[in-house]
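Student: Position chain B relative to chain A; hints supplied.
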Amino acid sequence: MMEKICVSVQHVTKQFGKHIVLRNLDLNIKEGEVFGLLGPSGAGKTTLVKELSGLDIPTSGTNIVLNQRMPDLKIINRIGYMAQSDALYEDLSAKENLQFFSNLYGIKGKRQQERIQEVMQLVDLTDHLYKLVSDYSGGMMRRLSLAIALLHEPELLILDEPTVGIDPVLRKRIWDAFFHLNKKGTTIIVTTHVMDEAEKCDRLGLMRDGSIIAVGTPQELKQRTRTASIEEAFLAYGGEGI
Amino acid sequence: MRVKALTIRILRQIIRDKRTIGMLLLAPILVLSMLYLVFNGDNYEPKIGFVGIPDVMIDTLDLSDASITEYDDLLAAKRDLTEGQLDGYINFSNQELSVHLEGSDPTVNGATIKWIQSTFSNLTDGAQSPLDVHYLHGSSDMGQFDYFGPVLLGFFVFFFVFIIAGVSFIRERTTGTLERLLSTPIRKWEIVVGYVLGFGIITMVQSALIASYAIYVLGMMMEGSFIYLLLIILALSFTALTLGILVSSFANNELQMIQFIPIIVVPQIFFSGLFNLETISNWLSWIGPITPLYYAAAALRDVMVRGYGFPDIYMDLIVLFGFSILFIVLNILALRKYRKI
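Residue numbers (UniProt numbering), protein chains in the order written: chain A, 1 to 242; chain B, 1 to 341.
Chain B extracted, bound-state conformation:
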């Protein structure tokens, strides 16, 4: 009954606060859209100069996907490379090909080398049938966005729930309403559970909308069941919520709450699979398994990219709910500061 009263109050407050609603719904959608455009943009077209390459040779090459400039003079090519007109040039002299790159941007280097290798490979080896590649998961169409998507989705839910729950609990403390709550017969666990339910409902709506947008509008890869996705996000948002409230007990105002973001939220991105976890140096690799996002990202990828079902994600879910229960208990203990019983 008291839990219900608290849940209803939180829902009323959030619904009345148009800005927070906007922040919860529109901000993730906006950022996901931008990331979609960034990651799924056209492939980079390298600008390559040909120096002294005989026309007979050029005729056999497939010159699509690059802009080619032909030079008669090596010095002119060098000058253009220095001025940034070219990403690289290929020099043909003494029956040898040599490649010179501008070299300051690794992405451009990679694209240039890749193009040169694939274009000149059939020249050296003659015609070769392309390898027949099979995918266990994903497909050749799968882009960066599909791989990062699940992690980003989890991250947004975590980030926004963490901030909003933490800040609203701080407000409860600084305006004195927490003290007033505690001067009623409400129990401490009822406060924490009321918060979890109120924000839990909001997050369910939020994540259902964001996930639908990512999958059905942006076309993010979705192999598994939508229900599992929601289940994982629910578990993650409980963790974010209870952690946000807990962290807020160590902050005296909203600004101090924001200061926790670089310490608590940002590192989770690095250790949750946005970057390849196996390349993280050994003395830091223990951080991943203690961050909630690590488990949520693994489970989301299993469902969205690999199409796995419950048997493959339940361990991650248990860990996430375990985190929530731990934080709930710590929250109840932290509330003892304000009332002993």
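With the rest of the complex left out, here is chain A:
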């Protein structure tokens, strides 16, 4: 079977002044996979996913997403992006937040109501639809933030540390939602520095100091380095630990 490429990062370098954040990156992400970017903070994961979401541009090189060079407003419409911060309007209710963002994506009327119900069900917040976001707990905010990113049924979901600061039970619930979407064909890119999360990805890119030091399935990475865990594999590839 010929696998289609969803995201192609080509010779991408990003510099902020003298500080190099991404060093001549090359990476292909296939359609329909869950791809994990694993690395310590400061490795350049957030910068890379921001570029893929159209929020930043590389200093040199090209990012191709869904066959278009980024940034591109039409492609932005097909991407769901969830940043590290929850980015919610806390003085509004969950429903008002969802209404606002679905209007921005041009989802209106009956379709809007349906989508709001669907995404809230997926993140298990249906009972809290009319609550003010300021009354939400941290975990609920995270899930609402995810729900918003799913409103417009994106083909590509980009998640920047989606489960940071979340308890294991809730983390499992969120990952169940990811697998559910993935089964329906959504490509998912997720950054993380949690090892057991990395194990759940189809493929992993190990990042350090703005470079990708290895790419492969968790199994491959462990076999190639003859190690028992992703953490040891990361160290064997020259990462100094996370």
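Check before you lean on any hint, since a few could be wrong.
[To be verified] A few chain A residues facing chain B, derived, Cβ under 10 Å: (1) Gly-54; (2) Leu-55; (3) Ile-76; (4) Ala-87; (5) Leu-92; (6) Leu-170.
[Stated by the list, open to error] Think about it this way: if two alpha-carbon atoms lie no more than 27 Å apart in a straight line, the pair counts; the simulated DSS-like pairs of lysine-lysine are: (7) Lys-74/A to Lys-340/B; (8) Lys-337/B to Lys-50/A; (9) Lys-95/A to Lys-340/B; (10) Lys-50/A to Lys-18/A.
Rather than coming from a laboratory, the hints here were simulated on the basis of the structure.
The model shown is predicted, which means the values in this text are computed figures rather than measured ones.
Built from N, CA and C at the ideal position, the CB exists for glycine as well.
Tutor: Positioned in the frame of chain A, the structure of chain B alone reads:
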């Protein structure tokens, strides 16, 4: 459509935030009321001592509007002047009147001298018919409050809109919602226009209420049409709004936004006609014409004090809308920092 969504969201947020609503409506009303009481209070009654003035002379004087103490002894009058019991005394000796003032407060000096001059003038010149004075604008009843009022009204609208728009845009940045907005297909101009409309509607309500209060409750002079007043205030609030958002891109948090007030907002009061512009030194007089409040204050005074209509204020309106458009364009450019397209 996206602009409408943003406008509705901003309105919802402001209406839910009772404190901000209170700040937008009650604070200007409170301050205007206080200024009304300060400026329209009773005239100052000078405390004057008479030393050695013959009773025949005193009988011919009109002694209302001042409190008079008579002294036989010059030293006693001097002592009271030193102790602050008197604002001044008039000494009559060798057929000459001489006036001595306490002198440390210019307002008191002025009131005292004015009273002495008007009281003693008919003594020197004999009876004289008062001058018949005609007013092109205003009237003899017009107080300080009527003259400052239009400028203050403009200033309050500018100040509160500037702060609230700037702070809410900063909050949008610091909570990450701006980034989330930009990860949707919204265009940058739609963000700026959505903000302008959302806050524009709020300001219209705010300024209509404040202006009605000032005119109908406090009795601020209003010669022209209320519609023109609203039009000027709308133009001014667009400027304040777009400038507030623009300035907020140079601030990293709410505190830094507040720090812009002494630089951007306060100087505008000095150059917008609260003080006589012609007495400002030449090397500073160029500041007035680059501040939005300058034009708004001129137009508001034309309408409220002079009763002028559209032909006299349209240039000011054009300049104000010009400022807004300039700031809108700069805002769109500033947003490029967050997304290039």
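Student: Evaluate each hint against the coordinates.
Tutor: Hint-by-hint comparison with the structure:
no.: 1; hint: Gly-54; in the structure: 7 Å, holds
no.: 2; hint: Leu-55; in the structure: 6 Å, holds
no.: 3; hint: Ile-76; in the structure: 5 Å, holds
no.: 4; hint: Ala-87; in the structure: 4 Å, holds
no.: 5; hint: Leu-92; in the structure: 6 Å, holds
no.: 6; hint: Leu-170; in the structure: 20 Å, violated
no.: 7; hint: Lys-74/A to Lys-340/B; in the structure: 14 Å, holds
no.: 8; hint: Lys-337/B to Lys-50/A; in the structure: 13 Å, holds
no.: 9; hint: Lys-95/A to Lys-340/B; in the structure: 30 Å, violated
no.: 10; hint: Lys-50/A to Lys-18/A; in the structure: 20 Å, holds
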